[in-house]
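S.K.: One letter stands for each residue in the lines below.
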Amino acid sequence: MADTTHTTDTAPDTDRPGEESIGVRARKPLGPVFWAAVTFLSLLLFAAVFADLLPLKDPSQSFRGMSKNGPSLSHWFGNDNNGRDIFSRVIYGAQVSLLISAVGTTLALTLGGLIGLASGYFRGKVDQYVTSFLNATLVIPGLILFIALILFLDPSVRYRIPVLIFSFVLLSIAPISRVVRAATLTWAERDFVLAARTMGARSGRIMFREVLPNVAPSLISYSLIVMAQLIVVEGAVAFLGLSVPPPTPTWGDMINKGRNSLEVAAHISLMPALMMFLTVLSLNFIGDKLQERFDTRESVL
Amino acid sequence: MIRDNIARTVVVLLVAVLAYGWFGRPPVSWTFGLVVLVGCLGAFLTDARYAARRLAAVIPILVLVSFIVFALMNSLPGDPAINILGPSATPDAVAQVRAELGLDEPFFARYGGWLGDAVVGDLGTSVQRREAIAVGMSKAMTPTLQLAFYSFVLALVLALPLGVLSAYRQGRMADRVSNYTMLGFLAAPNFVLAVVLVLFFSVGGISVFGFDVGWKILPAARYVPLGDDWFLHFKHMLLPAIALAMPQAAVFMRLLRSDMILTLRLPFIDLARSKGVATSRILWRHALRPSSFTLLTVVGLTLGALLGGTLIIEAIFTLPGVGNYIFQGVGQRDYIAVQGGVLVISALFITLLTMSDFLYLALDPRLRSERD
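Sequences listed follow chains L and Y, in order. Using the numbering used here, the final residue of the first sequence is 301, and nothing's skipped along the way. Using the numbering used here, the final residue of the second sequence is 372, and nothing's skipped along the way.
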């Protein structure tokens, strides 16, 4: 087959003309900002996972007389309206954000990926129905449906974390499987797939052993961007007071509660806001860099 | 040719309708209805087949959305009659209210009745607000649509020059600065940006080593209708619009930049350059149009993000829009109002999306079916 046309089709916006074929280009170093982002995320992840073992202050303990105190040596990020230590609350808040976003992203990618892979590989009638259904669900405004789902599935706020994850997975299957389907389409017609088919390989084997490894690199970088989006969505829901209920700290809730004392103690809102910003920025940045590295077209969100 | 003229007429008519909505100040729902009417009319005249197909796809989606909304709100626990009367109500009173609300009928009968009423604009009456929901919603739609419109315009006004500049100066300082700034804004969720903007522009900012960084120049809350005082109106809308616009501007700018970089490598640009066409003319007149198709398709979809974003931004800046209406409904367990609000905003979004598709049809002749 005309493999050269394919290559130019799938070649991303190569920033340098004349180097459009895949694999010839010398690898650009990832740069210090990339490694700074990786370090930040690893530290955050480590702190969140081992929060109980680290010498952190109790996130729900009110330190008397320290209400709204600014950052100090004993309380690195200062104290909130109730005198609680913001640093440890931010770390414990990261637990919620990271747990929900990591589990949600994994599930959404698995399900959306399977649907996208199947509909991109088999094409035909199935593909038509799946795509038109997915396009239909894309039209419903996400945040509104998300809130409606949470309110409906969990009115008594007992199973907030699973419900948040479930609602997110439900809403992100459509965009994810669209991306996977588009990526599958560019690989499913290649010569090596044809070769595998002539050798008598079954569809399942071709999909998972021939197509998936080629689609996977761009999926990994895409998954980081999905994860960043999920952190934002969880933050928004928490900001509105609909995420995990109060004794557990969440970034969105901390930002919201701090708004009342913005004039006198801005750090109460700013610290969790900064954390969320840095986390999302790092995830986006790493995703972007990996996408450049893996040579796939920038996904259009 | 004829179809091009129709397309042009439709665009002019749309502008006229928007101008009427702006200066004549009819209820927003009228303006919106007129926009839809003109859009459909234009689409049918330009390409009836496409328009019919698009509309045929939209109607089932609208029905599906309405069904989801109704089913969700009706399976909420708690008896609406008890919600209205309070926990100490007598069984007789509860039974009477249930009968009045038609709650004893089967599910599909209730859904059909509700949908039928909704189609003719009757969304029921909110007991808590003592007001028809359609009336409350048409009041609430004004700030929401205004906010979405302002931030949309702001995002485009920022993204177009920045995207063009950074594609032209690709890899240089200007490109890197604007690219990294926009990457930053992409990572700032709109509610975080809103809080930071309020901090620096309306409560006076923070003090860094004794220096006060920030101002108290812009209001952080309240809504002033456009008709009361346009200057105050824009002053109050500026911060919410910026908070909503910046992440969108980042998306637009990055899309335009990457498409434009590809366009600038095409031979016709070299030709124009060798003819001695001025750089600004090459960028704005030759390269921008063919580079903006991805942007245009994404612009339609971002309307959803904008409408979703207005909900949260309204809550922060206490604008009496649809978002506040819905959240108040949630707070007061006024589920009829929530149901109506969610239905209206979903329908609004779907309609706007269809209208933007129709607009592309007018703008981009390649989309029309092959038949002339």
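Simulated from the structure, these hints should not be mistaken for lab results. No residue lacks a Cβ here, since even glycine has one placed at the ideal position from N, Cα and C. Be a bit skeptical, because a hint or two may be false.
[As the list claims (entries may be wrong)] Label-pair ranges, simulated between beta-carbon atoms:
no., chain 1, residue 1, chain 2, residue 2, range
1, Y, Ile217, L, Val264, 12 to 22 Å
2, Y, Phe231, L, Gly70, 32 to 42 Å
3, L, Gly70, Y, Val11, 48 to 58 Å
4, L, Val126, Y, Leu262, 28 to 38 Å
5, Y, Arg176, L, Trp35, 52 to 62 Å
6, Y, Asp122, L, Asp127, 39 to 49 Å
S.K.: Determine for every hint whether it applies to the structure shown.
M.R.: Status of each hint after checking the structure:
no. : hint                               : verdict
1   : Ile217/Y with Val264/L: 12 to 22 Å : holds (19 Å)
2   : Phe231/Y with Gly70/L: 32 to 42 Å  : holds (37 Å)
3   : Gly70/L with Val11/Y: 48 to 58 Å   : holds (56 Å)
4   : Val126/L with Leu262/Y: 28 to 38 Å : holds (33 Å)
5   : Arg176/Y with Trp35/L: 52 to 62 Å  : violated (18 Å)
6   : Asp122/Y with Asp127/L: 39 to 49 Å : holds (41 Å)
Consistency note: the structure conflicts with earlier hint 5 alone.
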